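Protein chains in written order, with the working numbering: chain A, 1036 to 1364; chain B, 442 to 670; chain C, 4 to 212.
Take every hint as true, because none was put in to throw you off.
In silico DSS-like links for lysine-lysine, alpha-carbon gap of 30 Å or less: (1) C/Lys100 x B/Lys524; (2) C/Lys100 x B/Lys641; (3) C/Lys206 x C/Lys14; (4) B/Lys524 x C/Lys92; (5) B/Lys524 x B/Lys536; (6) B/Lys641 x B/Lys620; (7) B/Lys524 x B/Lys641.
Don't read these hints as lab results, they were simulated from the structure.
Everything numeric in this text was worked out from a predicted model, so none of it was measured.
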Amino acid sequence: MEIASSPHVASGASVDDIMRNVVYALLPVVVFAVFAFGLSALLVLTTAVLACVGTEYVLNRVAGAPDTLGDWSVVITGLLYGLTLPPGLALWMVAVGGIFGVGVGKFLFGGLGSNAFNPALVGRAFLQAAFPSAMTTWSPAFLADRFAHISSSTLAFPFARPEYDAISAATPLSAMKFRDTGTDPMELMLGLTSGSVGETCAVLILVGGIYLVARNMMNWRITVSILATVATMTLIANTLAPGEYPQPMFMLLSGGLMLGAVFMATDPVASPITDTGCWVYGLLIGGLIVVIRFWGGMAEGVMYAILLANAVSPHIDNLVQPRVYGSRA
Amino acid sequence: MNLPLQHLPTTPVAMYRAIVGIGMLCALLIVGIYQATAERIAENEAQALAEAVAAVLPTAQVLRSIAVASDGGIADVDASLQKLPAFVGYDQSGKLAGVAITAAGMGYQDTIQVIYAYSFSDSAIVGLRVLQSLETPGLGDKIETDPNFVANFEQLDVSLSAAGNELAHAVETVPNGSKEHPWQIDAITGATVSSEAIGKILDTSAQQWVPLLVRHREQLIGAPEPVEN
Amino acid sequence: MAQPTTNQFIKGLWQQNPIFVQALGLCPALAVSNSAINALTMGLATSFVLLSSGVIISSIRSLIPREARIVSYICIIASLVTTVDYVIKAISLDLHKSLGAFISLIVVNCLILGRAEAFASRNTVGKTVLDSAGMGAGFTIALLCIGVIREVLGAGTLFGIGLFPDTFQTWTIMLLPSGGFFVLAFWLLAIGLWNDARERSAKTAEETA
Chain A
1036 MEIASSPHVA
1046 SGASVDDIMR
1056 NVVYALLPVV
1066 VFAVFAFGLS
1076 ALLVLTTAVL
1086 ACVGTEYVLN
1096 RVAGAPDTLG
1106 DWSVVITGLL
1116 YGLTLPPGLA
1126 LWMVAVGGIF
1136 GVGVGKFLFG
1146 GLGSNAFNPA
1156 LVGRAFLQAA
1166 FPSAMTTWSP
1176 AFLADRFAHI
1186 SSSTLAFPFA
1196 RPEYDAISAA
1206 TPLSAMKFRD
1216 TGTDPMELML
1226 GLTSGSVGET
1236 CAVLILVGGI
1246 YLVARNMMNW
1256 RITVSILATV
1266 ATMTLIANTL
1276 APGEYPQPMF
1286 MLLSGGLMLG
1296 AVFMATDPVA
1306 SPITDTGCWV
1316 YGLLIGGLIV
1326 VIRFWGGMAE
1336 GVMYAILLAN
1346 AVSPHIDNLV
1356 QPRVYGSRA
Chain B
442 MNLPLQHLPT
452 TPVAMYRAIV
462 GIGMLCALLI
472 VGIYQATAER
482 IAENEAQALA
492 EAVAAVLPTA
502 QVLRSIAVAS
512 DGGIADVDAS
522 LQKLPAFVGY
532 DQSGKLAGVA
542 ITAAGMGYQD
552 TIQVIYAYSF
562 SDSAIVGLRV
572 LQSLETPGLG
582 DKIETDPNFV
592 ANFEQLDVSL
602 SAAGNELAHA
612 VETVPNGSKE
622 HPWQIDAITG
632 ATVSSEAIGK
642 ILDTSAQQWV
652 PLLVRHREQL
662 IGAPEPVEN
Chain C
4 MAQPTTNQFI
14 KGLWQQNPIF
24 VQALGLCPAL
34 AVSNSAINAL
44 TMGLATSFVL
54 LSSGVIISSI
64 RSLIPREARI
74 VSYICIIASL
84 VTTVDYVIKA
94 ISLDLHKSLG
104 AFISLIVVNC
114 LILGRAEAFA
124 SRNTVGKTVL
134 DSAGMGAGFT
144 IALLCIGVIR
154 EVLGAGTLFG
164 IGLFPDTFQT
174 WTIMLLPSGG
184 FFVLAFWLLA
194 IGLWNDARER
204 SAKTAEETA
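The shape of chain A in the complex, shown without the other chains (with noise of 0.2 Å):
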């Protein structure tokens, strides 16, 4: 039985179609993560686009291969690994991140269309395990001189250790997780909170999802299965245990856990291609979620849960595809 290459989408529009909509969806998410993070996040996210699009280019033109900036796939990558990087963190290690996720995680598994996990959560699963102090140490949101100044540890020598000249904030998860403070959920949907660059404000991350659904350019099945999952679980044990666990908006709301299920998750090339195998695989990434940052050491589990469902996707397919008439197992 033949299977229609990835991405696959119903509408039939071309690759670079579909991936300029994309940046055009996180472009909300973008702006507001300069207003709420200023100067440091423009540059953060800015290296992490130009470290991907130049490992990008840079491996093509090594390998001989044909020239792919043109599909804006990398720019992409580069824009979601940024925005899930903690706002302060130094810019080499962005860039360190970058080339490692797009050199490791897409180009030596062939490039686009083959990669089997996800770029930018390879890159910055990367920096999670080789600096996990930089990567839990975040800036608070709306600083009054966010425009004028920029943090030190931002621009930390290459290879130096960086200095925080600002006093580290706690996301709302690590906040529920080691002091067992809560955080309304008004300030969560508008991003009012600490945390990585691009998944504070879960309103915009909503709104750029879908802007995707309705142009018929994302796979909604996995995001809703995947919130679906998490509210379900939350809710189980909250009303189990309602002093030990969050409620279900807290759940939501917080983390990296919209952008993770929005724009992560939903990577066409690394998610499943049957509709069936898409709720199994959200089903799947929110259950891992939920188990990560209620019995796990971290706070957060998102970027752990997609790579692990990554890693299962091509094996959801083959376990929910119907079997053809007359074929063998």
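Given chain A, put chains B and C in place with the hints provided.
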């Protein structure tokens, strides 16, 4: 280029000869090397332990190794036979300086083993050193290096309750920045699991040892018997 | 073969390098190569066991019945590993602690049993010495290649000596097992690319000739 395998025809005699012969040769080799290195290894081990005790009980000059006796009291024992030895330390004038106790428990990745000093006069833990840990480099291993965390153990209250059979307040790890009482340990941000592990290890060990030590203090004050080595 | 003797030695260093080419003994190579000194100790310990087990096995090879050969080899190897274990403990407890269980696990390093079965049991003592020394050296060099990168990036030191100013940001991942995989992959990639380039230039030279 390889020669063909040239082997004896397999007879029972040949089998016995080969296996028994090799077994005996190997046994001789191991015994020989054990004899040759045993003394040096024991020296190394004693030195490593002495260094650790000296780090938490700097005033102690003479050590006496103790353990919980079968009748619930305290008995003198050979430290090298103990899994988690404890040492009573005496200063130059033969006065009781404190007790260094080793304790172990589960950390984030593997067992953490620590040695801590208990001071009778302060009713507190007055020093802690990690003997063995496999905590995450850069996060969990801060339990050994983070100066703020290490400061928790300069004076950690483990005084007894009125009844004298348990600690007045359990040793507990609290989130970073919220330490209010002398029996609380201020956790390391980002290494909560490792910080809590240390708190739990200390609590378990102190709940067992401190009431015992206080009850049998008389027995420990007496002039130390000459220590072997 | 033109120079059989030197080839016996050289092949272990490059064409049949235990780690980079044969991919044997990867478990210790990844686990204890997080610093140069650990890599060197592990390499030397393995080389010693390889060399002495090779010598013993090839000199008594005619006395060992076919059916009893594996048990005999393992017995000899295990005794030698115990020896190494005691010696390292006597030299430094800290070193022994950082190598952990991996010293004892040299027993099951497939490189050693592999060479015993494939080479020492079929060749003269002289040839076996060359083969084992070559394989041991290749293993040690490969471990050092991995260990040096991991220590320099992961701790900012080389053999415990600081290389950079205090502000150097250490790469925690290099000290974790995953860093071992990445560095090994990097070396395999580099060696693969180099071999490719050499083959290509050899082919063009042939064509032009």
